[in-house]
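The hints should help you fit chain B onto chain A, whose structure is shown.
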Amino acid sequence: MGVALTRSAQWTAAGYGTRTLEITPLNEVILKEIVMFVESFIYKHPQEAKYVFVEPLEWKTNLDPSAFESGYIVSETTVKSEEVDKDGQPLLFLSVPHIKIRSLGQLSRLLLIAKDRKLKEAQACIEANRDPVTKILGLDYNTVKEDTSTVNILDKITKDEDPESEIKMKVGMLLKQLDLHLLNHSLKHISLQICLNPTTVKNDIELLKHFSGKGEQTVLESIDYTSDYEFSNGCRAPPWRQIHGEICYVLVKPHDVETLCVTCSTEGVFLNGGKTEDEGEINYERKSEIYKDLVTFLKEKSAKFSENMSKQRKREERKKERKEKEKKKREKKKNEKKKREKKKRKKKKGEKKKGVGEGNKSKSKTKQNKTKQKRTTGEYLLILCTLSPLASPGSCPKSAEKIEEILSDSSSENEEDEEPPDRRQEANADLPSEYWQIQKLVKYLKGGNQTATVIALRSMKDFNLAQETCQLAIRDVGGLEVLINLLDTDEVKCKIGSLKILKEISHNPQIRRNIVDLGGLPVMVNILDSPHKSLKCLAAETIANVAKFRRARRAVRHHGGITKLVALLDCAQSSAKPAQSSLYDARDVEVARCGALALWSCSKSNANKEAIRQAGGIPLLAHLLKTSHENMLIPVVGTLQECASEENYRAAIKAERIIENLVKNLNSENEQLQEQCAMAIYQCAEDKETRDLVRLHGGLKPLASLLNNTDNKERLAAVTGAIWKCSISKENATKFREYEAIETLVGLLTDQPEEVLVNVVGALGECCQEYENRVLVRKCGGLQPLVNLLVGINQTLLVNVTKAVGACAVEPESMMIIDRLDGVRLLWSLLKNPHPDVKASAAWALCPCIQNAKDAGEMVRCLVGGLELIVNLLKSDNKEVLASVCAVITNIAKDQENLAVITDHGVNNDKLRRHLAEAISRCCMWGRNRVAFGEYKAVAPLVRYLKSNDLSEDVDNCITIHENGNGAVKLLLGMIGSSDHDLQEAAAGCISNIRRLALAIDKARYT
Amino acid sequence: ENHKRMGHLGGSVGSAPNSFKKSEVECLIRLFHSLVERANVRLNNFGLDRNAFRAILHSVFGMTDDMLMNRVFFAFDKDNDNCINAKEWVKGLSVFLRGTFEEKLKFCFEVYYLNGDGYISQEEIFDMLKNSLHQQSSEEETDEGIRELVDITLKKMDYDNDGKISFADFEKAVKEDKLLLEVFGPCLPEAKVECQQLKLVKGTF
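Line by line, the protein sequences are chains A and B. Be aware that the first sequence starts at 1, since it is given in the UniProt record's numbering, and climbs by one per residue. Be aware that the second sequence starts at 1, since it is given in the UniProt record's numbering, and climbs by one per residue.
It cannot be assumed that every hint is accurate.
Said to hold, decoys possible - DSSO-like mimics (lysine-lysine), calculated; alpha carbons at most 30 Å apart, straight line:
hint, chain 1, residue 1, chain 2, residue 2
1, B, Lys178, A, Lys533
2, B, Lys172, B, Lys104
3, B, Lys87, A, Lys440
4, B, Lys78, A, Lys533
5, B, Lys91, A, Lys443
6, B, Lys130, A, Lys440
7, B, Lys104, A, Lys446
8, B, Lys175, A, Lys446
9, A, Lys443, B, Lys175
10, A, Lys446, B, Lys21
11, B, Lys155, A, Lys443
12, A, Lys461, B, Lys104
13, A, Lys533, B, Lys156
14, B, Lys164, A, Lys461
15, A, Lys446, B, Lys178
16, A, Lys461, B, Lys87
17, A, Lys443, B, Lys164
18, A, Lys176, A, Lys202
19, B, Lys130, A, Lys461
20, A, Lys461, B, Lys155
21, A, Lys446, B, Lys172
22, B, Lys175, A, Lys440
23, A, Lys443, B, Lys156
24, A, Lys440, B, Lys178
25, B, Lys130, A, Lys446
26, A, Lys461, B, Lys172
27, B, Lys130, A, Lys443
28, A, Lys50, A, Lys60
29, B, Lys172, A, Lys443
30, A, Lys461, B, Lys156
31, B, Lys87, A, Lys446
32, A, Lys440, B, Lys21
33, A, Lys202, A, Lys311
34, B, Lys104, A, Lys533
35, A, Lys533, B, Lys106
36, B, Lys172, A, Lys440
37, B, Lys91, A, Lys533
38, B, Lys175, A, Lys461
39, B, Lys155, B, Lys91
FYI, nobody ran anything at the bench for these hints, they're computed from the structure.
Isolated chain A (complex conformation) (with noise of 0.2 Å):
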């Protein structure tokens, strides 16, 4: 440890007396080390801690008396341990605020007392001892330490054979061993460190100083050194600093952020103290953190200059692009020129002519090079841009593509889609055998005929390809280009044996990226081709396992692949015929489901689903569904679970009769399948028709009895998802019933991942809209857990809880209850969630409980501002929340003080009024929301309201309502019909009025 201390911990360079640890990275890892191994060495090496050091190592501490316990003497200014040596001094002894500590033991012990404040101890104990080592076991244990030798500590050890010394001597190699361990450290910590030299230094500053200036577009005002001289070696920090490191000392003033005055050092770049006004001097100390150099640091420390910055790096793109352009241009002119000087020469042989013509040439040569100077400064920009971490290489185009990528190729998954950061074993870093090994086996790939192509080949097959280390080492030492060009060649064996590895080495997300850049998935789609059996599935096998990201998917697409798989698909149909022998049809079929795989894999994009229909894929799939074999049946129902999310597979898998398929297989063994199976039913279930067909083919019970293992996470989310839509039709849900399926599913309220719960939630709302179904639900204590799941925050969730609460709350025995959890104030919370589908959903499940709850007025007088805010909901853009906000005031409104409550809030009444009004006509002229109207009674207390304020006497209400079109107007006919005498008269009053309206608008007219 001693070691490390004092050459590589960071001490405060100014400062007399005792000099302090600064607040570095690197220190307090150091020292985190440091109070880890202290720590655990009470337990590790229980002899050894109880070494009683030569001298006590001693600091003033910050620790009370008090926190002292068990083990300790203690009084109100002082402690002793219990411990004592053999002349029974105590080993610890606290005399407030100094400590003096003898055995790592007691150490060990101070730190678990010290808690979180250890750090902050063990930092005071070393700035008080600046050589711990020599305390604790005497001046010449540390010169011994010097030699660096362990053979001198043995020799030690045989030397003197008592015990005490022998304790010693571990003690001392024990702390031999942290040492070590800390330049380790110390030393990791150091390289990542980048040093900076004077000329990059100089560099960096004139360049930004030739980006500076006054005006907007420049990346900083100013920028200059503080001192003007420059030492022969680049520095111009005064000698006694450039001791430290330290190269020189600027003044930047950024845009938008005061004078810096910063320090560029070997070991990065950071503020100092600033300038001091009278005498000129600086403040060396360090005030920032390091940056590893001033671009990085002024993109921190101003937002301008980041944003200056990268306006300048496209300009200098562009302007680089124009320069090329210009350059050609210009060297097409001088060749004419220089061609027309030719001939003009020929002819008159002028010595005149030829002179200025020379003129000429050197003008424009001189020109080029100017340009030239300026083109490089701007290319020394676009390193320094390219250089901070803030601008990644290369991201500018990358990102580019991706967005190209993004509108041409959009994916059902957006699994793998950021590209992640290519990882290259680290040169130093230790290698393992296999890299080594692997490395020769690739040699003999590259340099080998086909026998020896082949042992290679298959030796590297014996390796564990699974382990990220080999499939990292075949291609870090160049082994991917040569199994990729293997695929080129005419030898079949060769193709095999690499295609046996690059499928195994294709698990790896890298590798595949690799093999993409490479260029291997245009010949292993050529290799689909191939009349053996056996390449033709290794290709599509790895095609399968390279195309899970969507570049790789779309180049599938564009050489063809997808026809040549879905072709593939074709083989077990054509020797489906009963001539064939048996084992031909066993390897067609695998031919087959190497080929669904590979699909699978690509039917993650929306582009290839369309090319796989267009290939004639659907009718293929739906025959291969039709066979027993489970290993075929995943990748195909995978596939067309993919390919369900659109709309016209739907409706070809309604066709084709895949549904029955689909739930024949629900009732196979395989997990896998079960999954699915359910998924696609899931995809496919929100069509009426489809839903039925389950119902009729019978998979409403596998789905159900599946509800039952829960171990299966995935599965699970398939099967609740399937249950889920297939409950919408009444008559499933009466079925699910049947099965017991609802009790299931209360059951899975609690303790599932989201993606399941929002599927059984979904599957809750739409059973609940029975009645028996309500009631089963309250029966089984189902409430509680739902009204739990209104404090979610995943959107899609709220939307289906609220539903299937709102859904309960129209049983008022429910209600009752759901009211008494808390409930309704959780839903009217929901209105304020960010998401209008949940605004909205949380406003449709209100209705129903502010109609069922015992005192509704009170209810809703309860919750603090939660008129307000449902008044404040009507300015809503979004039809659905206006529409569901409006059925929620109507039945607000029912209660005459909550009426004048509302029209209170309204604090603008005519302008309230002027929203409802809009409200109603908006949604009415919805025709789904008309009905919702309807059926939650909405209109006729709105009318009353309208009426009860004169609303419609407002000109511009009268408007819209008469606007909307015949809705309201109709409405209102029909509610004169109504027997509640108050009503008719409302109504009419209300139409009298829109007549009127429109009577003096005609008038308006004529006059």
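Coordinates of chain B only, in the frame set by chain A:
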């Protein structure tokens, strides 16, 4: 008499499930005689000598490695008279073109062990792989590479660790991975040639 012999051969060879039909055998024998004539062998009118056979292996089956072609010749030549007669020709070709996996396995093993002790020795492997690496920077390096390849194959195939490959070893290894069937060099016609030849045999009728 010739015809009689043909019939006899056709009967004996045709008994295996995958081998030729009688008509095909007759065709092969006719092919054999024409080849013998073309080879213009003065000394022996009954069969093909090594050179003639090698020429056929090269032109018809696309083999290139001299040493291996010699070995294939010896594997064809069951009676060790340095000449392949009609019976050996038909039998050999039935393995070549229609052989079951087991038959090919046996055939390859026969090609690879030369000294007749029933094992493929380390030296033999070295001999067979001698030309499998392109010349490296130095001869020593190439030799070292080949020695390494020998080690790799032995490690892979020598299950009983006796430093040589017995038929049992060979069979086990190849069954595990069919790529190892021609591990020490191509001695069977390539797959695409095989297809062509089969057509040829059928096509002559």
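Enumerated hints in conflict with the structure, sorted upward: 3, 4, 5, 10, 16, 18, 31, 32 and 39
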